[in-house]
Amino acid sequence: MKKIIMKFLALFMLVAFSSVAANASEHATEAPDKASTHKEETYVSQSMGHMIMGFLESTGIVALVNPNPNELSATGEKMSDFHKGAGRVIMILLTFFLFWLAIAKGFEPLLLLPIAFGGLLANIPVANIAGPHGFLGVIYNMGLSNEMFPIIIFMGVGAMTDFGPLLSNPKTALLGGAAQFGIFGTLVGAVALSQMGLVDFTLQQASAISIIGGADGPTSIFIATKLAPELLGAIAVASYSYMAMVPIIQPPIMKALTTEAERKIKMTTLRHVSRLEKLVFPVMVLTLAILVLPESTPLIGAFMFGNFLKESGVVERLNDTLQNALINITTIFLGLGVGSKLAADQFLVPETLFIMMLGIIAFSVGTATGVIMAKIMNMFPGNKVNPLIGSAGVSAVPMAARVSNKVGMEYDRTNMLLMHAMGPNVAGVIGSAVAAGVLISIFA
Amino acid sequence: METNLVIEGFKFMVLGMGTVFTFLIIMIVCMNFMSNIIHKYFPEPQANADVPSSTQKDNKKIVAAITAAIAHHRRQG
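Order-wise, the sequence lines are chains A and B.
Residue numbers for the first sequence follow numbering that gives the first Met the number 0, beginning at 0 and rising by one.
Residue numbers for the second sequence follow numbering that gives the first Met the number 0, beginning at 0 and rising by one.
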């Protein structure tokens, strides 16, 4: 019975194909009369065998096993056979691993999932989705190559940020500054690596990599697209995956640098911050940025715009859109656009390994210098600062502040550090935007 | 050229961290200044005095409504 059905199906397919072929050949005979000059319009009748072979040659399996020698990468350059074949398979498996991290382990799923799926799509042979006319390429050109999406994300983050804790204890802003040592320490590390001849990073590339230490996704993407777009994929993936790993990376460093007594320091309760203070603050910071470092105003301006809308209290609808709809839509596009840079020919290069390595160093240095800064501040008279909140100076809002709180509670269950840690946390965002501005101004 | 690169990196570090700290210190000074001015000249209206009275009023209204409802219910019963 089964055999009969199979035979019938095969016969049916053959008839269907041959009728299609016949139709096509009729068209083909008419075509020359219209004197078409286009080569692709003249259709030459092919035998069934040829057609099946032609179809088989266009499948993904063949494209992966036996790559087309003329295929160009999304940027229009020649690719090695490895990047066309095995490299793509490796990248697709890597995106599966990223799916697992995002879904099973909860690693920043909001961004990691779109990035990973974008990466999966970008590694499909033949379809060229990440090319200039594929939809990923269009998304990339629409908002990433001109740094639009990170700026919109920054507006949304601004609308979500509460500067109250910082305003009630201004000196904790210094902790957010100290953590930026992570950025510049890594910059030195990256140029030292190229000095040793291990990799060949230019100063621009080294700067783009080092900004991972700012632990701020949009800032990293902003700088990477400006200074080293060819490294964007690796930098974004490193940045977001380490931000997700903050609860694993930070506590050992925090514990190693503090004594038990320091970890139990209780901080004075935060004073009440008036609405007017919160309203004046964004404009004040922006004014300072205009005066001191105009290069940082795209980031700080967008951030403060979002925050100003929120604190004004009269544009609840706009505030709501920034915090929810707009940032969600932009996150989808940003993720897919970054994912398009996970194409094998751009990601599977030795530099990626070094970027991953430098990224974790950047995070660790930032955490350590934040904690050390808090210890230095305790040497001066005044209210004592619990050094555990220093680690929150790397931005990663609000994850880093939660980590400070958690570690603090391990030693004293009544010691609530969360709100105290939010101060350095949001100062870290401003600090990394300033650091980004400095790097841009150097290369401008 | 070879030795320059790391020295360049350190230069960036000094410049960058200098700017970050200068910016944040100015910001802290301005924040304190602003808070002082706001507390001195634009104090928030005493929220504490208003809030309880309004809730008390509300409570009285609620109590009145409940009593009326109970009375109504009893009359019916």
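No lab work stands behind these hints: they were computed from the structure.
Take these hints with a grain of salt, some might be off.
Stated by the list, open to error - Cβ pair distances, simulated, as ranges: (1) B:Leu-14 <-> A:Thr-286: 31 to 39 Å; (2) B:Val-28 <-> A:Leu-109: 46 to 54 Å; (3) A:Arg-412 <-> B:Asn-35: 30 to 38 Å; (4) B:His-71 <-> A:Ile-328: 33 to 41 Å.
Claimed, not checked - One-sided excerpt, in silico: chain B residues whose CB lies under 7 Å from chain A: (5) Ile-6; (6) Gly-15; (7) Val-19; (8) Ile-25; (9) Ile-27; (10) Phe-32; (11) Ile-36; (12) Tyr-40; (13) Ile-61; (14) Ala-64.
Positions of the beta carbon are idealized from the N, C-alpha and C atoms, including for glycine.
Here is how each hint holds up against the structure:
About 22 Å separates the C-beta atoms of Leu-14 (chain B) and Thr-286 (chain A), a value inconsistent with the hinted range of 31 to 39 Å. For Val-28 (chain B) paired with Leu-109 (chain A), a C-beta distance near 37 Å fails the hint of 46 to 54 Å. Judged by the Cβ atoms, the range 30 to 38 Å given for Arg-412 (chain A) and Asn-35 (chain B) holds: they are separated by roughly 36 Å. With their beta carbons about 54 Å apart, His-71 (chain B) and Ile-328 (chain A) fall outside the hinted range of 33 to 41 Å.
Residue-level restraint check for Ile-6 (chain B) is violated (minimum Cβ-Cβ distance to chain A is 9 Å; threshold 7 Å). The beta carbon of Gly-15 (chain B) comes within 5 Å of a beta carbon in chain A, closer than 7 Å, and the hint placing it at the interface holds. The beta carbon of Val-19 (chain B) comes within 5 Å of a beta carbon in chain A, closer than 7 Å, and the hint placing it at the interface holds. About 6 Å separates the beta-carbon of Ile-25 (chain B) from the nearest beta-carbon of chain A, less than 7 Å, and the hint is met.
Interface restraint check for Ile-27 (chain B): the shortest CB-CB distance to chain A comes to about 4 Å, inside 7 Å, so the restraint holds. The interface hint given for Phe-32 (chain B) is violated, since its Cβ lies 9 Å from the closest Cβ of chain A, which is over the 7 Å cut-off. Interface hint at Ile-36 (chain B): violated, since its Cβ lies 9 Å from the closest Cβ of chain A, which is beyond the 7 Å cut-off. Residue-level restraint check for Tyr-40 (chain B) is violated (minimum Cβ-Cβ distance to chain A is 10 Å; threshold 7 Å).
Contact between Ile-61 (chain B) and chain A, as hinted, is not supported at the beta carbon level, the nearest pair being about 28 Å apart and thus beyond 7 Å. Hint status for Ala-64 (chain B) relative to chain A: violated, with the closest Cβ pair at about 31 Å, above 7 Å.
In the structure shown, a violation is registered for the earlier hints numbered 1, 2, 4, 5, 10, 11, 12, 13, 14, in ascending order.
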